[in-house]
Structures are given as structure tokens and as C-alpha cells.
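**Q** Here is what each chain is made of, one letter per residue.
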Amino acid sequence: MNKNLTWKLALIVGILLAFLLGIFGIPKSFSKQGLLASMTDRIHLGLDLRGGTHLILQVQVNDAVNVDADNALETLKEQLRTKKINYAEITKPDPKNSPDRIVLKGVPPESRSDLLTIVQERLPEYEATPGPENSWVVSMKPQMLAELKNKAVTQAIETIRNRIDQLGVSEPVIQEHGLGQYQILVQLPGIDDPARVKDIMQSTAMLEIKQVLGGPYPSEQAALQDKGGVLPPDAILLPGHAAPGAETEGQAWYLVSRVSAVSGKDLRDAQPSRDQNGQPSVSFTLTGEGGQRFYNFTSAHINDSLGVVLDNKVQEVANIKDSIRDRGEISGGRMNEQQTKDLSMILRSGALPAGVKYLEERTVGPSLGADSIRAGVRAAIIGMVAVLVFMLVYYRGAGINADVALILNLIILLGFMGYFGAVLTLPGIAGVILTVGMGVDSNVLIFERIREELRNGKTPPSAVDQGFSHAWITIVDTHVTTIVSAAILFIFGTGPVRGFATTLTFGLLANLFTAVFVSRVIFDWILTRKQRGEALSI
Amino acid sequence: MEFFRNPSIDFLGKKWYFLAFSLVFSVAGVLSMLFWHGVPWGVDFRGGTLVYVKFSHTPDDIAIRASLDRVGLRNFKIQRYGQASNNELLIDLAVQETSEQALDRGKTQIINALETNAPAGKLDLNNASSFTIKNFLMEKDPLRLGTDADQKYTAQAQAIVNFRDKVQGGVFGSIDQLKGIVDPPVVAALSDGFFVSDFGVRNVEIVGPQVGGQLRKQAFLATVYSLAGMLVYLGFRFEWIYGIAAVVTVFHDTLITVGAFSLTKTDISLTVIAAILTLIGYSNNDTIVVFDRIRENIKLMRREKLSDIVNRSINQTLSRTILTAGLTFLTVLALYLFGGEVLHGFSLALVIGILIGTYSSIAIAAPILVAYQDWRLGRGRRAVAVPSKAK
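Line by line, the protein sequences are chains A and B. Under my numbering, the first residue of the first sequence carries the number 36, and numbering increases by one thereafter. Under my numbering, the first residue of the second sequence carries the number 122, and numbering increases by one thereafter.
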């Protein structure tokens, strides 16, 4: 019995050391600062304790679908022309809600099989369904549509991560969020300037080069008037800056082609530089394939105008004097040096495949974070001391037992957090406090049972035995149900709530060990040192 | 020391008093939720903008209300936050219905409105980021540094921000307070480009209308799953009636807690929901302890009436119940009193929940068991509260 006991005590000390290691790692020094530093290295503080920004964005996946469908429409038009298939009209009736739906009207029945072949061969992600009166609906296959949307989200996450990396944020969190809503969660600890971060993230940096068909117009109405009240189907109106030196300063409107000659994914590099006037500008280079397409476009449109469009705003318009292969510049002197640096970085990190909309924004100032830590730790210490003192007073000798178990509990809990890299949030600190209260419940259950057995006349060893065995089932029941609750909280909760669920779960697991095993070992050890018939201090 | 030596209180006999007590509080809560204060959903669930602002002096509510009115804001509430000596206000702006506007438009409008004494062209040092301060110093270059400028000015800007946030609690009184923190030429340069307003923004929460609905749904699902899990687990470990009794008990606890939030007009945020789910777990624990003892006693005291067995079980576990509740209550009370304003709603839910949760195991769960048993016996069916298999 004695040898068993020695092994058990050694095991407990071993576990204590192992979890102390989990909290502190190998500390550089044993001073207060050194220990604190080692601890904060391993146990990370959540946003609500450290200060920082929390954002939830929604990727506007329909943008990405629109771009793909626009290209499909152009391909379809071209093919219909080359195969000499007549049609009355080809449009996208509802680009906002059904971005992938292309309606083709007036196709003669004899061209049916040709049309189907075109779609099958040239637009394999699409399918054509016949409609009333010789019309067809060409839309994306549902699986392809879902894939495209999900890809847009994954790509957006990558791009945002690239941009945030370049800002030098430590431990950012960028991940998909929610269920099936195309949302992204971004958490940036220590960032006290959400406006700049949002600018950098939000900029789609959708760089496109489109043919300019008309403009600059002083207003949208003027442009419509010029075109007889209705826009041509393959053109859109985009705002831009007035040409320098024009009478109308400020915003001007341009009529540009819907489809781009070159787009963001053809971009290979972008660097800040100076233009001919010495003003800050951004010069960009295209990929080989993009360059080829650009060359074809410019060769076919000599003496036409092209516009550099950034985020659906015309940045500048230039005349095509010569075919250009792969270089371009965005200037106009409207950016300062920092802005050209930011813009180059955005362009380099890749274009966002679609726009993003902000759904939620929380900014915790560092002053609040510091206050929260202070308050949380203070409450934890007060709560814990109250419980420790009470147990000593109410259960005397056994109270020491409970207190040792409680302190070991805390060490194991913090050690778990250190090993798992769990994040400590303010509700997490509350979870620690709650664990203390609920953990001591196990001890109370056992001790009360032991007292009852002693009252019924059992000897101390027998009472201890009975106490533990009867209380065991109840302890397991209560712990399992609370851990299940915590698991549900973890699944459905975000940040701070998850921190609470984590500390609660770890604390209860630790408690299962300390309340049952450690307490028992300590009792056994005390019993071996007692004489026969000597009372148990409880 | 021992509080309860050998209690033998007739709990079940007092069940009508308990019922009355529960009814009074439940009805009060429900009436408040329906007709008086409604259910005080926090910003997480109804959407909106919350801006927590700390002032360097006692804030003038009326003047602030006027400034916000002037920039065209409607549908806002201003309330004191925390202790009066903190000089903190919470500005609560209702959710903008049109999703076309930028999410943070409300926040920018509020901050602009509060900067009443802003001299033209100067930035607010109390609300500037370390990045903005660094950029300014790089342009002005008061220390005439050459290539080393970026690192040095980043450090200086960080020192300023740390002093403001960690030492001063988020608000400067004047730029002169920086005299010991950064070099004098820097202080002089700062006075050129910055002014010091009388407030600092401590915390911002903006929730769009879409997210609010999502979170409501998630909270609801989490609660339903918890209750279902409980029902299944208890039905499996005991008998179905035990599970149902536990669920009714927990429902009673939640109703009274949410009612209390409605009566005191305390906001229900996400962390409050977490607290409520936790107290569901806690109340369940408590109920299980009593049920375990009842089950054990049923095996031992086969010939006695169920109500006597239940009474005895409650008395036997009374010591443990009161002690545990007391100890947990101690810790949660520490949290409520000392844990700070941010956890206020969370700790209130736990304080109420623990009291009611303990009470309900004795006053609601046990009587339900007996009542059900009596009802079944009254209709001539056999006793079912006795578990059929020895578990």
C-alpha cells in the first residue's frame, strides 16, 4: 500500500511540473517580469483583453459570377456570329439577382443543335434550356455556380491575408465564418486604426482596362441624352475624374464597354513610381498571356480610347496610338506617395475576386483591454481566496485537501491552455472563476458523504472509501452534462464565448482528475499516518 | 463546523408556497417582457452602433444630445456607463435600415459630432492611431533624423499611444502631459498638427441588420440543442419523467432570469446568452444530484411513499446543495462586484441563475416527479418514477 502511494504521489508531482511547463515554458528568468513574459508568450490574450479590431465581411459573390457570365456572353455572341446563327436579342435580364442568367431570344428552331453544340464545347460550365417562343436561357450549371462562389470566398481570404501580412499584424485571424453565407472573419489584435485597414482590405483593386466609347459627360443624364435615352446593351456608365483643364471640375461620367480587355488577374506586378510630371504614380506589368491579349486589343483599336478602371471608377483615359504589350501606368497626380505605396501593395497582393461588404465591426481600445484584465484578475483572486478560506474553516483538515486540489486544478487548467494555444478572453477569465466554484462542488459532495458515513459509525478509512465511491457517479454525471453544455457553446459561439467554453471545459476536466484522484491520494496518505481509531479532521 | 446536522424539513409539503413564489416572479417577468420594457436585446441581436466614450471631465448629456441632433442623428440613446467617476458614456444608435450605407457611418457621425471644439485642419490626439501620429512626425521631422526616422518615430508614436491608453485610461488632458514621454521638439511639432479633444473612444460595436438575425438564430439553436441533449441524457440515465421534470425546471429558471433582465432593463448580449446556457448546465447539475439520491433511496426504501423518499433525499443532499450554491455564488458575486462593467450582464445572469437554479431543483423538479407519480397512481397505472433497471 505504501509503495502504491509513493508512486501515486510521484505521479501527481510529475503532472504538476508538466503543467507548470505548459504555462511558463522554460522561463528565461525567475523574476516576476520574466515569469509574466513567459506566460503571455504561451497563453494568448483575446481581442477583448488586448485591444484590436474584429470585422465580419461578406464577399459579394454575385460580382464574381457577373464577371464570368459577362465573358460567357461575349463568347456566345462571337460564336453565334461566326456560326451565322440568327438571333433577335441577347441580354442578362437581372444581373443583380440572377447574375448567371443569359437570355437569348429569337433563335430559329433549325439552329437548335448548333446552339447546343456551342454551349457544350465553348461554355462547358453552362447549360442551355429552351424557353417559350424560340428563346433560350443559358445559365451556369448549379454545381459550377456553387463552386465559383466558394472559390471567390477562398480567393478573397487569400488576398486579404496577403494584404494584412504586409501590414505586419501579429497573430491575425482570417477565416471563413458562419454557415454558407460567404462571410469572412478578420481579427486583428493591436490594430488601433481600423479605417486604414478597411481601406486596404476593401479595395477590390479590381483593375480593368476597358474601351472608352463616349464621354466625358458632366452627368449621367447628359450621357443618356447623348445616346438617345437608352444605353447600348454592351456598355455601362462609370464615374471618373473630369479631364484636367475641362470646364466641369469634379466628377465626370464615361461610357465604357462592359467587357474588359484586360483585368486584374492578368497583372504580374505593380510598383510605385513617378510619372512624366514627376507626380507619384503606379506602374504595372502584365503577365505573358494578359500581355498578348492587350496587344491584340490595342492593335485592333488604334485611335480609339481606352480607360484604366479601378474599382469601377475611371482613373484615366488614354488614346491608343500604338499597340501596347505589357506595361501601363496609373497616374493623374491625385495620389500622394503613401497612397501609391498602398495601392501598389493592393494590386500586387492580387485582386479581390469580388467586392466585400462589412456586416459587423468591433473595436476594443487598448485602454479598455487593460482595464478588463485588471478587473478580471482581481475578481478571480477575490473569488478564489474566498473559497479557499471557507473550505479551511468549514472542513478543517480536509479543507487543506480541497485547497490543494483547487490550486492544482488552476495550474492544470492554465497548463492546458498553454499547451493547446487556447486564447484567454474576458469571459474566459470568468470561466476560470466559475470552474473554481463548480470544481469545489465535487469536493463538497465527497466530504459531505464522508461526514455522513462517519456519523453512521464507519471507521475513517471505510468512510473515505464509501464517500468517494458514492460520490463518483454523481461527479461524472454533473461534469459530463456541463462539458456538453460547454461544447454547444463552443460550436455556436464566437471569440469571447468560445474562450469561456474552453476554460470551462479544461477546468472541469482538470477537476475530474484533482477532485477524485488527487484528493483520494492525499486522504490515503493522511490515513496512513494516523493511529488506529484516531479521528479524521473533516 | 457544520450548518445542517440532520435536517428533516418537509419540502414537498411547502410546495404550494414555492409555486406561488415562482408564479409571482415568472408572471412579473413575462408581463415586463410583453408590456413594459420588452425583451432588452443587446446590439448583437438587434443590430446598431454602440460607441463607448470616456471624457476628461463630467460629460454634459444635454450638450452632447444637441450636438448629435445637429448632425442629423435620430434614434439614439445616451446613458451613463459604469461608475459616475469614470466619466464614461454609452451612445447607442439604432440600426440603419438601408444596407447601402457604410457600416461605420453612424460611428463617424458620432465622433464628428463630439469634436465640437476642433480647430480647422488639426487632428484629435485623443483618437489618433499610432500610425497617423507616426506619419505626421515623419513629414514634420522635428528631430531632424535622416534614414533612421521610421523606426524612431514609430517608437515615439507608440510611446504616446501607450501613455494615453495604459496610463491615462484613454484620454489626455493636454499635450503638455507628454513632456516627460517624448522629446520636446516632438511635443512642439505635435501642438502644430494636433489638438486634444475632451473624449476618447474606448470601444465600438457595430452590428449590421443581417448579422443580428443570424446571431438570434444561433442563440436559439444552441439553447434548443442544450435542452434536447439534457432531455435525452436524463431520459437515458433515469426515466423519461425525470428528463421532463428537469427541462421544465430549466425553462422556469430561464424565464425568471430573462424576466429579471427585462425588469432591470439590462442588455442581453452574446455573453449573457452564454451565461444563461451555463446556468442551464448548472441547474441541471443540481437537479441531477437530487435525482441521484432519490434513485439511490428508492432502491433502499422500497416500501415508503415516493413523497417521503423525495423529502428524505432532498434533506440528505441539502447540506451539499446549499454549500455548493453558496460557494459558487461567492465566486460569481466576486465577479459581479469586482469584475468590471464589461462583464456586468454576464455576471448578473449567473448571480440570478445560481440562486434560482438551486431553488428550482428543490421547489420545482422534485414536486413534479411526485405530482406525476400521484397522477398516474390516481388513474390506476403503476408507479413509473421508480427506475426499472438497476443503474
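Think of the hints as simulated: they come from the structure by calculation, not from any bench. We put the CB at the ideal spot given by N, CA and C, even for glycine. Careful: at least some of the hints might be erroneous.
[Claimed, not checked] DMTMM-like cross-link-like pairs, simulated, lysine to aspartate or glutamate; straight-line CA separation at most 20 Å: (1) B:K420 <-> A:E145; (2) A:K376 <-> B:D225; (3) A:K233 <-> B:D225; (4) A:K127 <-> A:D76; (5) B:K338 <-> A:D129; (6) A:K127 <-> A:E145; (7) B:K261 <-> A:E211; (8) A:K376 <-> B:D304; (9) B:K287 <-> A:D228; (10) A:K184 <-> A:D129.
[To be verified] The calculated label-pair distances, taken between Cβ atoms and stated as ranges, are: (11) A:V511 <-> B:K426: 29 to 35 Å; (12) A:L214 <-> B:R265: 41 to 47 Å; (13) A:S66 <-> B:A215: 48 to 54 Å.
**Q** All the hints need checking, so say for each whether the structure fits it.
**A** Each hint, compared with the structure:
A hinted pair counts as satisfied when its Cα atoms are at most 20 Å apart, and B:K420 with A:E145 does not qualify at roughly 86 Å. With a CA separation close to 25 Å, the supplied pair A:K376 and B:D225 exceeds the 20 Å bound. For the hint linking A:K233 to B:D225, the alpha-carbon distance of about 11 Å falls within 20 Å, and the restraint holds. Distance check on the hinted pair: A:K127 and A:D76 sit about 55 Å apart at the alpha-carbon level, beyond 20 Å; violated.
For the proposed pair B:K338 and A:D129, the alpha carbon gap of about 30 Å is over 20 Å, so the pair is violated. The suggested pairing of A:K127 with A:E145 is violated, with an alpha-carbon distance near 24 Å, which exceeds 20 Å. With a C-alpha separation of about 42 Å, the suggested pair B:K261 and A:E211 falls outside the 20 Å cut-off, and the hint is violated. Our distance criterion of 20 Å between C-alpha atoms is broken by A:K376 and B:D304, whose separation comes to about 29 Å.
Using a Cα cut-off of 20 Å, the hinted pair B:K287 and A:D228 holds, with the two alpha carbons roughly 17 Å apart. Among the hinted pairs, A:K184 with A:D129 is consistent with the structure: their alpha-carbon atoms are about 18 Å apart, no more than 20 Å. Roughly 30 Å separates the CB atoms of A:V511 and B:K426, a value that falls within the hinted 29 to 35 Å. At roughly 57 Å, the beta carbons of A:L214 and B:R265 sit outside the given window of 41 to 47 Å.
Checked against the hint of 48 to 54 Å, the C-beta distance between A:S66 and B:A215 comes to roughly 51 Å, which is consistent with it.
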